[in-house]
Amino acid sequence: MQVTSPAFRENARKALADVTLQKALKNVEKGFIAKRAKAAEALPEFEALRDAARDLKIHVLKHLDLYLEAYEKKVVEAGGHVHWAESAEDARRIVTDICKRLGARTVTKGKSMITEEIALNDHLEKEGITPVETDLGEYIIQLRGEHPSHIVAPAVHLTKEQVAGDFRRVHTHLDAARDLTEPVTLLTEARTVLREKFLVADVGITGANFLIAETGSSIIVTNEGNGDLTQTLPKAHIVMASIEKVVPTLEDVDTLLRVLARSATGQELSVYTTFSTGPRREGDPDGPGEYHVVLLDNGRSAMLGTEFEDMLRCIRCGACMNHCPVFQAVGGHAYGWVYPGPMGAVLTPTLVGVDKAGHLPNASTFCGRCESVCPMRIPLPKMMRAWRNREWERALNPAALRSGLGLWAFVAARPALYRLAARAAGFGLRLLGRGGRIARLPFFASGWTANRDMPAPEGATFMDQWKARGGRSA
Amino acid sequence: MTTREAVLGKIRRSLHTGPSDDDRRATVAARLAAHAPGLIPARGQRDPAGRLALFFEMADKVAASSERLASADEIPAAVARYLRSKNLPQAIRRGGDPRLERLPFDREPQLAVAVGPSDGHDLAGLSHAFAGVAETGTVVLVSGPDNPTTLNFLPEHHLVVVRASEIAGDYEAVWTRVRAAFGEGGMPRALNWITGPSRSGDIEQTILLGAHGPRSLHLLVVDDL
Ligand code: SF4
Chain A
1 MQVTSPAFRE NARKALADVT LQKALKNVEK GFIAKRAKAA EALPEFEALR DAARDLKIHV
61 LKHLDLYLEA YEKKVVEAGG HVHWAESAED ARRIVTDICK RLGARTVTKG KSMITEEIAL
121 NDHLEKEGIT PVETDLGEYI IQLRGEHPSH IVAPAVHLTK EQVAGDFRRV HTHLDAARDL
181 TEPVTLLTEA RTVLREKFLV ADVGITGANF LIAETGSSII VTNEGNGDLT QTLPKAHIVM
241 ASIEKVVPTL EDVDTLLRVL ARSATGQELS VYTTFSTGPR REGDPDGPGE YHVVLLDNGR
301 SAMLGTEFED MLRCIRCGAC MNHCPVFQAV GGHAYGWVYP GPMGAVLTPT LVGVDKAGHL
361 PNASTFCGRC ESVCPMRIPL PKMMRAWRNR EWERALNPAA LRSGLGLWAF VAARPALYRL
421 AARAAGFGLR LLGRGGRIAR LPFFASGWTA NRDMPAPEGA TFMDQWKARG GRSA
Chain B
1 MTTREAVLGK IRRSLHTGPS DDDRRATVAA RLAAHAPGLI PARGQRDPAG RLALFFEMAD
61 KVAASSERLA SADEIPAAVA RYLRSKNLPQ AIRRGGDPRL ERLPFDREPQ LAVAVGPSDG
121 HDLAGLSHAF AGVAETGTVV LVSGPDNPTT LNFLPEHHLV VVRASEIAGD YEAVWTRVRA
181 AFGEGGMPRA LNWITGPSRS GDIEQTILLG AHGPRSLHLL VVDDL
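Protein chains in written order, with the working numbering: chain A, 1 to 474; chain B, 1 to 225.
No lab work stands behind these hints, which were simulated from the structure alone. A hint or two may mislead.
[Said to hold, decoys possible] Using C-beta positions, here's what the derived DEER-type ranges look like:
(1) A/ILE58 x B/GLY9: 46 to 52 Å
(2) B/ALA63 x A/GLY145: 16 to 22 Å
(3) B/THR176 x A/THR172: 32 to 38 Å
(4) A/GLY289 x B/GLN90: 45 to 51 Å
(5) B/ALA180 x A/LYS100: 40 to 46 Å
(6) A/ALA42 x B/ARG102: 38 to 44 Å
(7) B/GLN110 x A/LYS38: 31 to 37 Å
(8) B/ASP106 x A/ASP97: 32 to 38 Å
(9) B/GLN90 x A/ILE58: 52 to 58 Å
(10) B/ARG102 x A/ASP122: 30 to 36 Å
(11) A/GLU29 x B/GLN90: 42 to 48 Å
The model shown is predicted, which means the values in this text are computed figures rather than measured ones. We put the CB at the ideal spot given by N, CA and C, even for glycine.
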């Protein structure tokens with residue numbers, strides 16, 4: 001996918017003015033925040049599990065080469081194949097070769113962020129192979145020719161009316177006069193249409209939430225069951241996994257699973273947690289005839305041993321973006337590449353280059369909520385600051401960003417003011433959500449939406465704005 | 001140099017390590033061999049009756065229906081009853097699992113019982129779970145010659161038999177049983193944790209039941225405690 005991160009400010013400005021998008025984005029709060037809090041509260045050990053999850057992943061990263069070797073050995077023992085890919089190009093070639101050897105025409109896909117990262121769908125299409133996304137959200141955005149705006153809820157930027165419009169446009173074999181006002185009708189329609197696709201697909205591609213070194217298993221976690229149909233029915237199952245997904249044992253996976261769904265959707269556990277180990281075995285009545293794993297590096301090994309190593313603990317739960325005032329205001333597309341929100345602001349510059357995505361770490365209020373909810377306790381604000389410092393050193397940032405950073409430094413040096421600012425960002429957004437007037441955001445507007453209507457120095461602008469809103473001082 | 005060597009080499013360089021550092025290897029081997037449990041929540045740590053009660057409670061929270069049967073012989077009648085209650089035809093597909101094979105299906109002459117994997121045209125499927133997990137109301141199913149994975153996902157209604165004596169408090173207890181059944185480091189081809197019927201929140205973050213997998217999950221718990 002083309003990187004539009006350099007245009008973050010422009011993207012953000014458009015997003016703020018997009019009335020339909022703003023309506024859809026209100027669902028982020030409804031769908032995630034209270035639910036996560038409730039799930040965390042319902043498990044007294046939740047905070048301790050976060051510590052355990054963090055420590056586990058720190059251990060894995062220090063021994064990553066060895067766990068990958070152990071994992072590979074077990075996959076091969078189970079009759080599977082492991083393919084190593086240094087780059088996106090390697091990974092695309094591996095997948096296409098498998099598909100071509102099997103004469104595949106249709107490929108069903110479970111949700112996989114790394115297939116977005118390597119732009120697999122475009123590539124398959126060029127090779128004459130039709131990829132069909134089967135996760136409902138992914139299916140919807142594929143119909144629209146868009147990319148996911150959220151790593152867990154890819155279509156969170158859309159309203160049900162938009163989805164209904166897309167289904168009418170694409171499902172032309174169905175009665176044009178059908179009633180599509182209720183989401184449940186949309187779900188049933190997608191289920192029926194996709195059922196056919198599952199049954200004719202030649203190859204199924206899924207991601208992997210985790211890989212287990214002890215057993216050579218890959219794990220997918222879904223609620224819909226699409227990933228299981230994707231991997232069970234076709235001739236071959238291809239698992240796309242990045243190298244940091246490996247964990248030592250089944251018990252270790254339990255720890256990560258106990259924090260994943262709670263952090264992601266507020267569920268105690270997702271509906272389907274599936275452990276796959278090799279292809280169909282002798283006597284098995286179903287299951288894929290071939291089982292392949294593509295292990296993708298694509299820049300991750302270079303993060304080890306750097307100040308960005310902690311980012312490799314990420315289990316892609318989405319909590320950081322759900323709780324991010326910037327994400328809630330502009331949605332995921334503004335970030336301009338595959339990974340949005342705080343985790344994207346850290347990851348994107350490492351994967352596509354600071355020259356293209358160095359702006360992103362400025363898209364932050366530094367309110368710290370992302371880190372406070374991250375199940376892996378990844379110090380996201382610290383890493384965003386590290387990027388800002390690097391960008392500063394490289395003098396890539398325009399003057400406006402420098403003054404934004406100056407503001408941040410000014411506020412950060414004064415803890416009371418910082419807390420107020422952080423609270424203001426959240427509070428202000430809620431206000432703005434109602435009024436739809438995001439151009440007058442306090443504080444973080446000064447950093448990146450730029451002070452188009454506010455020529456006064458940012459610090460004063462923030463305080464003035466705050467007073468004008470009737471805000472009390474801390 | 002292969003891509004495998006290239007990737008592993010890059011990792012080793014970043015970690016400032018060589019391929020032959022014995023300490024790291026020993027650490028990894030020991031951890032894999034020990035597969036020690038991590039932090040297990042207190043929630044599931046109850047006696048068998050307490051686990052059973054928690055299992056029902058958690059299953060209900062994720063919208064799975066369930067009933068308690070005094071013996072396995074009651075399963076055919078329970079299946080027939082369930083199908084009637086949902087206005088479904090008296091037809092079910094099951095795997096060849098001996099624990100299902102020996103059930104007295106002949107007591108329900110109107111119930112058509114098919115055996116084998118599903119091709120997507122079955123309204124209801126019947127499976128036997130390997131285990132249950134009280135902590136989250138989860139059933140654990142394993143694939144094998146007699147247990148088609150397609151039955152777990154293609155039918156609209158999935159009925160799953162679980163023995164009360166096989167309901168564990170937590171996932172860790174299930175792994176101990178998996179190792180006993182499949183050997184150290186062994187796993188069935190597919191091992192499915194199923195926690196409620198399928199659902200999606202992808203349209204406006206409103207949760208709806210019945211996405212691609214079963215619309216309902218009905219648990220038949222045989223009380224063999
Ligand atoms: S950075 Fe943390 S909160 Fe964000 S997606 Fe990754 S694990 Fe989840």
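Going down the list of hints, with the structure as the test:
1. A/ILE58 x B/GLY9: 46 to 52 Å: 22 Å, violated
2. B/ALA63 x A/GLY145: 16 to 22 Å: Between B/ALA63 and A/GLY145, where Cβ atoms are some 34 Å apart, the hint is violated.
3. B/THR176 x A/THR172: 32 to 38 Å: For B/THR176 and A/THR172 the Cβ distance comes to about 54 Å; the hint is violated.
4. A/GLY289 x B/GLN90: 45 to 51 Å: Violated, since A/GLY289 and B/GLN90 (Cβ atoms, about 35 Å apart) do not stay within the stated range.
5. B/ALA180 x A/LYS100: 40 to 46 Å: 42 Å, holds
6. A/ALA42 x B/ARG102: 38 to 44 Å: Holds, since A/ALA42 and B/ARG102 (Cβ atoms, about 40 Å apart) stay within the stated range.
7. B/GLN110 x A/LYS38: 31 to 37 Å: 45 Å, violated
8. B/ASP106 x A/ASP97: 32 to 38 Å: Distance hint for B/ASP106, A/ASP97 is violated at roughly 53 Å.
9. B/GLN90 x A/ILE58: 52 to 58 Å: This hint holds: roughly 56 Å between Cβ atoms.
10. B/ARG102 x A/ASP122: 30 to 36 Å: 53 Å, violated
11. A/GLU29 x B/GLN90: 42 to 48 Å: 47 Å, holds
Hint check: violations occur at hints 1, 2, 3, 4, 7, 8, 10; the rest are consistent with the structure.
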